[in-house]
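**Q** When we follow our numbering, the leftmost residue of the sequence shown carries the number 1, and every step to the right adds one.
Calculated from the structure, these hints are not laboratory results. Treat the hints loosely; a few may be bogus.
Pairs of lysine-lysine, DSSO-like flavour, derived with a Cα cap of 30 Å [unchecked claim]: (1) Lys146 <-> Lys53; (2) Lys29 <-> Lys53; (3) Lys75 <-> Lys53; (4) Lys146 <-> Lys29; (5) Lys29 <-> Lys152; (6) Lys152 <-> Lys53; (7) Lys29 <-> Lys75.
Pair ranges (Cβ atoms, derived) [what the hints assert, rightly or not]: (8) Glu50 <-> Asp76: 12 to 20 Å; (9) Leu85 <-> Lys146: 29 to 37 Å; (10) Ser37 <-> Gln80: 25 to 33 Å; (11) Asp76 <-> Lys146: 22 to 30 Å; (12) Asp94 <-> Glu50: 16 to 24 Å.
Yeah, the Cβ is synthetic: ideal placement off N, Cα and C, and Gly gets one too.
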Amino acid sequence: MVDLDFTYNMTFEELNGDYSQERMDSVAKALEEVLISALPQGCITVGVYEAAKSLNVDPDNVVLCILATDDEDVKDVALQIHFTLIQAFCCENDINILRVNNTRRLAQILSGGGGGGGGGGGKQSGGEPMDLHCVLVTSPHSSLWKDPALSKVNRFCRESRCMDQWVPIINLPER
1 MVDLDFTYNM
11 TFEELNGDYS
21 QERMDSVAKA
31 LEEVLISALP
41 QGCITVGVYE
51 AAKSLNVDPD
61 NVVLCILATD
71 DEDVKDVALQ
81 IHFTLIQAFC
91 CENDINILRV
101 NNTRRLAQIL
111 SGGGGGGGGG
121 GGKQSGGEPM
131 DLHCVLVTSP
141 HSSLWKDPAL
151 SKVNRFCRES
161 RCMDQWVPII
171 NLPER
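Can you build the whole structure from these sequences, using the hints too?
**A** Here is the structure:
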């Protein structure tokens, strides 16, 4: 009888899913594609209060929750409390969550200026700045949304949860 007892040692990168810069950039690009394709379909909800209302009314329709901050937002206790409540609700309802640390870039994408210099610069139609701290992506009612970019983002969120990182952070690079 042959003894097949052997040990396979995994590297640290294999154990942690190897979140290289290249992979993070790929997920950031996929997130940008999701937002750009959801925008004309009316599948974006922007703002902490508006997101809370949408989550309360139809949580099953939400496919992704994006929490966005910049460095100065870390000290905003009220915002952090809102984030904690939204995160808890999303976890309870199996909604994927991402944290984005570049609200200026997020504003460019959501104002239709996906490529850079164009767009409304994160302003609402009345000239008021958008509350970009929470953005929900919802599924269009007309059909099942089979977006490869959304699948990539969702897979990243699932893999992050498997590594006990419940709210992964993505950097949206400037364009």
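**Q** Taking the hints in turn, state whether each one holds.
**A** Here is how each hint holds up against the structure:
no. : hint                         : in the structure
1   : Lys146 <-> Lys53             : 25 Å, holds
2   : Lys29 <-> Lys53              : 28 Å, holds
3   : Lys75 <-> Lys53              : 25 Å, holds
4   : Lys146 <-> Lys29             : 17 Å, holds
5   : Lys29 <-> Lys152             : 10 Å, holds
6   : Lys152 <-> Lys53             : 27 Å, holds
7   : Lys29 <-> Lys75              : 28 Å, holds
8   : Glu50 <-> Asp76: 12 to 20 Å  : 18 Å, holds
9   : Leu85 <-> Lys146: 29 to 37 Å : 31 Å, holds
10  : Ser37 <-> Gln80: 25 to 33 Å  : 30 Å, holds
11  : Asp76 <-> Lys146: 22 to 30 Å : 37 Å, violated
12  : Asp94 <-> Glu50: 16 to 24 Å  : 21 Å, holds
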